[in-house]
Amino acid sequence: MKKENTAFRYLINLVAIIILMVVFVVLSFHSNNTLKLKVAPAVWQCCYLIIMAASLNLVLGYLGQLSLGHCGFMAVGAYTSALISLALQRAGFYTEKNSIQFAITLIISIVAAAVVAALIGVIVGIPALRLKGDYLAIITLGFGMIIVNLINNIPFCGQQGLAEGAASSALYANGLGFTNDEKQSFMWVGVLIVVLCMTTMVMFVRSKFGRVIRAIRDNEIATSATGNDISYYKILTFVFSAFFAGIAGALYSCANVSLATTSFAFTNGSILNSVFIVVTVVVGGMGSMTGSVIAAIGMFLLNYTIKNGSWVNALPEFLKNVFTYPMLVYSIALVIVILFRPKGIMGDKELSLFDIPGYPKRIASYFKNKKAAKEV
Amino acid sequence: MLNIKDLCVSYGAISALKGISLTVNDGELVTLIGANGAGKTTTLHTISGLLKASSGTIMLDDIDLQKTPAHKIIEYGMAQVPEGRHVFAQMTVLENLYMGAYSISDKKKIEDNIEWVFHHFPRLKERSKQLAGTLSGGEQQMLATGRAIMTNPKIVLMDEPSMGLSPLLVSEIFSIIKELQKSGITILLVEQNAKMALSIADRAYVLENGKISMSGNASELLNDERVKKAYLGA
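Those sequence lines, one after another, are chains A and B.
Going letter by letter, the first sequence gives residues 3 to 378 in this note's numbering.
Going letter by letter, the second sequence gives residues 2 to 235 in this note's numbering.
Bear in mind the hints are in silico, worked out from the structure with no lab data behind them.
Counterexamples of contact, computed for chain B against chain A with all Cβ distances above 10 Å:
1) A17
2) S22
3) M60
4) L166
5) P168
6) K179
7) G185
8) I213
9) S216
10) G217
Using C-beta positions, here's what the derived DEER-type ranges look like:
11) Y77(B) - I338(A): 48 to 58 Å
12) S209(A) - K110(B): 11 to 21 Å
13) K73(B) - I340(A): 34 to 44 Å
Every value quoted in this text rests on a predicted model; they were computed, and no experiment measured them.
Even for Gly, the Cβ is constructed at its ideal location relative to N, Cα and C.
The shape of chain A in the complex, shown without the other chains (with noise of 0.2 Å):
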């Protein structure tokens, strides 16, 4: 009876899976000037954005350990992607975006990317995750810092980054970057790998290894006394998050015209720095891979009509003031989950497909228990 149960979950979230993928696939062919301006655009920035708040998930909700520079791994990933597709292209190895070479050098730049990021996290991670709590924190800020540093001292990728550096092109002419078009049409590509990433994660820490990488999170000397060597699930768990963060920096090249190093910086003034992913995952939920999935898009959605919105030019003089500065915006949208769900939008609950048909009635019974209690 419970088997079948599950063989059931599993082939519904595969429709549902399918359904998601034909529709972006279909929207990917649509010819459509919103579409290709605002969404297209949107979805790909939400697609590393997930990634990234999934992958830190796992660092910060699993195994409870806080570090502060995600995003240097994320710049790793994406300037390893964005160099080794400007190289193929100057050898010629495909002209075309619509070509299969092009397919080709983008599974190349991605896996690559990924790769480079999961070994600079063993090197980070062999000496950082001997500390504990501040201290890991601290240390895990200075590399993100580092990151930057070498990145914009090495001679091939330019004090300005890849776009006025020694290989000097614009990235969406020669590497990796899409233009707007085909943004569009690689919508699809965008979601697909998320989906990869999603599963991927999802299984990791269901698996044996994420029991483990929880009890780590509960208690580090009951796990040592079952006989788990707990460093060596740490860093397993720090790589494996580096890989992801790899994977997100790999669509950021994509997603983007020239890479700029300040864009993976601890705090910025835009959307992506290693601060305000870790507000992401708070918001969504320590230890809830959908919570994270809800929060990046959340997040975005803020970030988009904060910079977008004519709602804010219709705003009174004093508010307006407070949206030019978007930090201060996303840390009082931190502050008010907190302090109405303490454990972020999704605590450390799953939301699954087989809930939604239970939610009217667990709403309807918790106002009934709210009236009841205020009748008491």
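Knowing the structure of chain A, use the given hints to seat chain B on it.
Coordinates of chain B only, in the frame set by chain A:
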């Protein structure tokens, strides 16, 4: 089975163990009693590899435990129930038990062991889906003990299983320990509750200021005047 010789351990300049020797034979229940700060927990931590000894040897059959990393020791058949229980609060009772079975790859064996634990601790079976953090102190102690048994150990080290439990629960836990011994597991029990420990143990060692001051048959020690005065409050 377990053989400790002239073990010295120090925390910096302060020496906590000043050359203790003890043996635990196959199938025995040996208890190590002593007052606060006598070095009981230090002894256990050194055996399990959490602390490094400055001199002396610890042998489990023919394996030198001091050269084995902490997480490997369990593979040689030595499990431990840490002091203060240390269950995984955010995981269910069943998941906690599965955590104990990581060194076993045979699935059938794991299921058998879980069956065995549930047979001896029916209370855990009732609550197998409950989060371990919501269990009472006694139930958590049972869970920690059950988790240690999941590895099929030859010898179990127990650190103060009676800590913070009511007298009724203490006697329940001790009868379970006695039962474990009957099923063929060797046990080294570290306790403050000297009376209870001595009443179930075969042999006992009394630790005082990092040295073994007395050793011998548990029932004899229970009636020894000096032990009575120091630990039994009589």
